[in-house]
Amino acid sequence: KQEVTQIPAALSVPEGENLVLNCSFTDSAIYNLQWFRQDPGKGLTSLLLIQSSQREQTSGRLNASLDKSSGRSTLYIAASQPGDSATYLCASRATYKLIFGTGTRLQVFP
Amino acid sequence: DVKVTQSSRYLVKRTGEKVFLECVQDMDHENMFWYRQDPGLGLRLIYFSYDVKMKEKGDIPEGYSVSREKKERFSLILESASTNQTSMYLCASSLWTWTSASEQFFGPGTRLTVL
Numbered sequence: 001k002q003e004v005t006q007i008p009a010a011l012s013v014p015e016g017e018n019l020v021l022n023c024s025f026t027d028s029a030i031y032n033l034q035w036f037r038q039d040p041g042k043g044l045t046s047l048l049l050i051q052s053s054q055r056e057q058t059s060g061r062l063n064a065s066l067d068k069s070s071g072r073s074t075l076y077i078a079a080s081q082p083g084d085s086a087t088y089l090c091a092s093r094a095t096y097k098l099i100f101g102t103g104t105r106l107q108v109f110p
Numbered sequence: 001d002v003k004v005t006q007s008s009r010y011l012v013k014r015t016g017e018k019v020f021l022e023c024v025q026d027m028d029h030e031n032m033f034w035y036r037q038d039p040g041l042g043l044r045l046i047y048f049s050y051d052v053k054m055k056e057k058g059d060i061p062e063g064y065s066v067s068r069e070k071k072e073r074f075s076l077i078l079e080s081a082s083t084n085q086t087s088m089y090l091c092a093s094s095l096w097t098w099t100s101a102s103e104q105f106f107g108p109g110t111r112l113t114v115l
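Chains as they are written, first to last, in our numbering: chain Z, 1 to 110; chain W, 1 to 115.
Just so you know, these hints were derived from the structure itself, not from any lab. Small disclaimer: the values here were computed from a predicted structure and weren't measured. Hints are supplied without guarantee of correctness; some may be wrong.
[Stated by the list, open to error] Derived DSS-like pairs (lysine-lysine); straight-line CA-CA distance at most 30 Å:
{"hint": "1", "chain 1": "Z", "residue 1": "Lys97", "chain 2": "W", "residue 2": "Lys55"}
{"hint": "2", "chain 1": "W", "residue 1": "Lys57", "chain 2": "Z", "residue 2": "Lys97"}
{"hint": "3", "chain 1": "Z", "residue 1": "Lys1", "chain 2": "W", "residue 2": "Lys13"}
{"hint": "4", "chain 1": "Z", "residue 1": "Lys1", "chain 2": "W", "residue 2": "Lys18"}
{"hint": "5", "chain 1": "Z", "residue 1": "Lys68", "chain 2": "W", "residue 2": "Lys13"}
{"hint": "6", "chain 1": "Z", "residue 1": "Lys97", "chain 2": "Z", "residue 2": "Lys42"}
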């Protein structure tokens with residue numbers, strides 16, 4: 001059974017720092033891994049999708065990497081801003097459904 | 001851009017009422033999903049549908065049913081609402097499943113409170 005873990009559970013940093021959020025999964029036979037952002041009381045916004053054949057994906061200040069052999073993905077946020085404050089969720093897909101991690105709650109203060 | 005909309009952002013219902021949550025997507029996606037999200041439990045899949053009139057149970061289908069009469073619309077039904085169904089309900093859609101490029105897109109969520 002696939003399990004997805006995110007470390008740390010919470011993170012508070014000053015504006016401008018470069019951040020790394022970690023995601024681990026137990027079953028390496030995945031189709032893809034998706035990173036989401038969730039603001040309080042809102043739905044999930046898809047940030048990046050990494051297909052199983054890819055090593056990384058980039059979108060603006062965000063870069064996500066995937067290492068299937070070690071069961072790890074990282075989300076790198078460059079030059080963090082207060083507007084980046086949110087919960088970040090990773091989810092792996094091995095069948096029809098996504099298996100979600102419990103998230104990292106990020107706070108970026110000015 | 002893919003757009004997934006949900007009929008209500010907030011809903012308050014009484015125990016025993018029949019509740020309908022509606023979800024509509026505008027990208028001709030084959031797959032649609034209903035999740036609930038609770039503190040400490042994360043997101044859990046209730047039901048999903050891979051085609052019109054086709055449905056599969058997820059991890060926690062008890063107390064729920066679904067309907068998909070049109071490709072763009074997926075409804076979640078609480079036959080007799082109970083207080084333990086108070087939760088955030090999230091709808092999602094994606095293209096055909098068996099491809100690594102298939103990305104799920106979520107709606108804004110419905111916060112349901114059952115009194």
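These are the hints, each one checked on the structure:
Our distance criterion of 30 Å between C-alpha atoms is met by Z:Lys97 and W:Lys55, whose separation comes to about 13 Å. Of the supplied pair hints, the one linking W:Lys57 and Z:Lys97 holds, its CA atoms being roughly 11 Å apart against a limit of 30 Å. A threshold of 30 Å between alpha carbons decides the hint, and for Z:Lys1 with W:Lys13 the separation of about 36 Å lies outside it, so the pair is violated. This hinted pair does not check out: Z:Lys1 and W:Lys18 have alpha carbons roughly 34 Å apart, beyond 30 Å.
The hinted pair formed by Z:Lys68 and W:Lys13 fails the criterion: a straight-line CA distance of about 45 Å is larger than 30 Å. At roughly 21 Å between alpha-carbon atoms, Z:Lys97 and Z:Lys42 fall within 30 Å of each other, so this suggested pair holds.
Figure legend: structure checked against the earlier numbered hints; hints not met, in rising order: 3, 4, 5.
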